[in-house]
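There are 2 protein chains.
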Amino acid sequence: MADRPPSPAAPPEPPAPAVILIEPQLAMNIGTTARAMLNCGLADLRLVRPKPKWPNEMAKRASSGAEAVLEAASLFDSAEAAIADLNRVFATSGRHRKMVKRIFTPREAAQTLRAEAAAGIRAGILFGPERTGLENDEMALADAAIHVPLNPHFASLNLAQAVLLIGYEWFQAGVDAKPLRLEHGDSPLASKDDLVNFFTHLERELDECGFLRLPDKRPGMVRNIRNIFQRADLTRQEVRTLHGIVTELVTKRKIRQ
Amino acid sequence: MADRPPSPAAPPEPPAPAVILIEPQLAMNIGTTARAMLNCGLADLRLVRPKPKWPNEMAKRASSGAEAVLEAASLFDSAEAAIADLNRVFATSGRHRKMVKRIFTPREAAQTLRAEAAAGIRAGILFGPERTGLENDEMALADAAIHVPLNPHFASLNLAQAVLLIGYEWFQAGVDAKPLRLEHGDSPLASKDDLVNFFTHLERELDECGFLRLPDKRPGMVRNIRNIFQRADLTRQEVRTLHGIVTELVTKRKIRQ
Chain F
7 MADRPPSPAA
17 PPEPPAPAVI
27 LIEPQLAMNI
37 GTTARAMLNC
47 GLADLRLVRP
57 KPKWPNEMAK
67 RASSGAEAVL
77 EAASLFDSAE
87 AAIADLNRVF
97 ATSGRHRKMV
107 KRIFTPREAA
117 QTLRAEAAAG
127 IRAGILFGPE
137 RTGLENDEMA
147 LADAAIHVPL
157 NPHFASLNLA
167 QAVLLIGYEW
177 FQAGVDAKPL
187 RLEHGDSPLA
197 SKDDLVNFFT
207 HLERELDECG
217 FLRLPDKRPG
227 MVRNIRNIFQ
237 RADLTRQEVR
247 TLHGIVTELV
257 TKRKIRQ
Chain B
7 MADRPPSPAA
17 PPEPPAPAVI
27 LIEPQLAMNI
37 GTTARAMLNC
47 GLADLRLVRP
57 KPKWPNEMAK
67 RASSGAEAVL
77 EAASLFDSAE
87 AAIADLNRVF
97 ATSGRHRKMV
107 KRIFTPREAA
117 QTLRAEAAAG
127 IRAGILFGPE
137 RTGLENDEMA
147 LADAAIHVPL
157 NPHFASLNLA
167 QAVLLIGYEW
177 FQAGVDAKPL
187 RLEHGDSPLA
197 SKDDLVNFFT
207 HLERELDECG
217 FLRLPDKRPG
227 MVRNIRNIFQ
237 RADLTRQEVR
247 TLHGIVTELV
257 TKRKIRQ
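Line order of the protein sequences matches chains F and B.
In this text, residue positions in the first sequence follow our numbering: the first is 7, and each later residue adds one.
In this text, residue positions in the second sequence follow our numbering: the first is 7, and each later residue adds one.
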């Protein structure tokens with residue numbers, strides 16, 4: 007991620023899709039939408055006939071630091087005008103409609119958006135007013151619809167949350183699939199040699215204190231104990247800590263003997 | 007989706023993870039969290055020392071219809087108590103910490119959660135207070151951390167949005183979840199309660215033998231030691247073995263004293 011631009015409002019490459027809010031009713035929702043957009047590297051906010059006066063202080067406060075997105079937002083009188091420069095438009099809808107329209111999940115849409123953006127295709131996503139959603143005429147402006155798979159008995163999303171989920175998938179589609187990370191702090195993973203040295207130390211002490219006193223059980227017990235520590239992906243520093251624990255737990259005993 | 011239960015608050019099968027809010031500060035955020043949970047089929051909300059009085063009218067209004075989740079929420083005095091019955095705990099963190107802990111994306115975590123839930127493993131996800139996030143001691147209670155890949159220059163998420171993204175991935179992972187084969191031997195995974203009991207035992211002995219004698223280093227050392235064992239996915243039998251090891255290593259010392 008080091009090669010991303012330093013400014014939080016700078017659009018990522020390739021150009022991210024525009025977020026087009028049709029008649030948003032609440033200033034707070036415009037602000038939280040801006041925050042969600044910037045979380046996901048989206049910067050092109052377009053407002054069609056917003057109900058709150060614009061610019062708006064409450065929207066600014068609700069954006070929690072994403073003012074740059076609000077300041078750069080553009081205003082339009084119609085959905086047609088807001089999408090005029092775009093090549094590809096998705097509509098979001100929570101409702102099922104009698105409309106012949108391809109329906110994408112956010113994940114599928116994100117893959118399409120990424121692939122098309124890389125080919126120079128400019129895209130936007132339409133979001134309807136908070137209570138009513140998009141009109142059928144606005145749906146008809148879109149190439150396809152995005153439907154978010156959620157609990158079918160409680161699928162209604164806040165506007166900013168709908169923007170967040172779609173933006174999140176856009177962002178994830180641009181992140182190379184990374185394998186599981188282990189945060190090492192300052193210490194590298196222990197070598198197997200480090201580990202075997204610790205096992206030897208621990209088992210010597212366990213022999214001496216009598217924990218492994220039953221000869222026929224000893225091999226199984228040793229394997230079980232080794233498995234515990236094998237699974238922990240120990241760092242070198244942690245192996246040193248474990249050596250210290252064993253040593254200190256038995257030290258006073260030895261001194262007294 | 008037609009075979010899902012009719013009640014919106016009914017948990018899906020397999021059991022969904024618990025959402026555990028540590029010291030949530032704002033009633034509104036608890037309400038919007040409940041809404042996000044129900045959107046994603048999550049129903050088990052646990053509140054640890056919430057700042058708002060409880061139950062709370064504002065939380066109810068902010069839930070936009072997810073009152074059932076709020077009404078079923080359980081209250082706890084400590085994070086340890088809130089996770090006592092769980093086998094697997096993820097911590098969410100926006101910050102990078104010097105802590106040896108596996109880090110999952112929400113998508114990776116969701117796959118693990120689905121697979122383990124199918125195998126009967128009960129899970130929960132810890133979320134910290136709005137401004138400060140989880141304390142290191144609370145992070146140390148978790149098996150692994152979840153970090154949401156977002157715009158690195160503007161990654162701060164509202165509490166409910168963090169819950170939404172993780173819940174969303176949980177829900178999506180339900181479409182094609184594959185059960186994970188976990189080889190437990192004859193013993194089930196330890197509960198967090200089992201684990202905390204072992205920590206208490208080990209730390210008492212480490213205090214007594216002087217391993218934790220430097221007061222300013224003690225908290226960090228305790229966290230590091232806990233993290234080692236958190237990562238090992240211990241079974242109940244293995245926790246018994248570890249109790250036995252600690253007891254026997256110190257026994258002769260005590261007899262001689």
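Hints are computed from structural coordinates only; laboratory data are not their basis.
Possibly wrong hints are sitting among the right ones.
No copy labels: a pair is met if it fits in one copy or bridges any two.
Using 30 Å as the maximum straight-line C-alpha spacing, the simulated BS3-like pairs for lysine-lysine come out as follows [to be verified]: (1) K107 <-> K223; (2) K107 <-> K66; (3) K198 <-> K57; (4) K59 <-> K198; (5) K107 <-> K57; (6) K59 <-> K107; (7) K223 <-> K198.
Against the structure, the hints:
no.	hint	in the structure
1	K107 <-> K223	within (19 Å within a copy, 33 Å between copies)
2	K107 <-> K66	neither (36 Å within a copy, 37 Å between copies)
3	K198 <-> K57	within (25 Å within a copy, 47 Å between copies)
4	K59 <-> K198	within (28 Å within a copy, 52 Å between copies)
5	K107 <-> K57	within (29 Å within a copy, 47 Å between copies)
6	K59 <-> K107	neither (34 Å within a copy, 48 Å between copies)
7	K223 <-> K198	both (25 Å within a copy, 28 Å between copies)
Comparing the model with each earlier hint shows violations of hints 2, 6; every other hint is respected.
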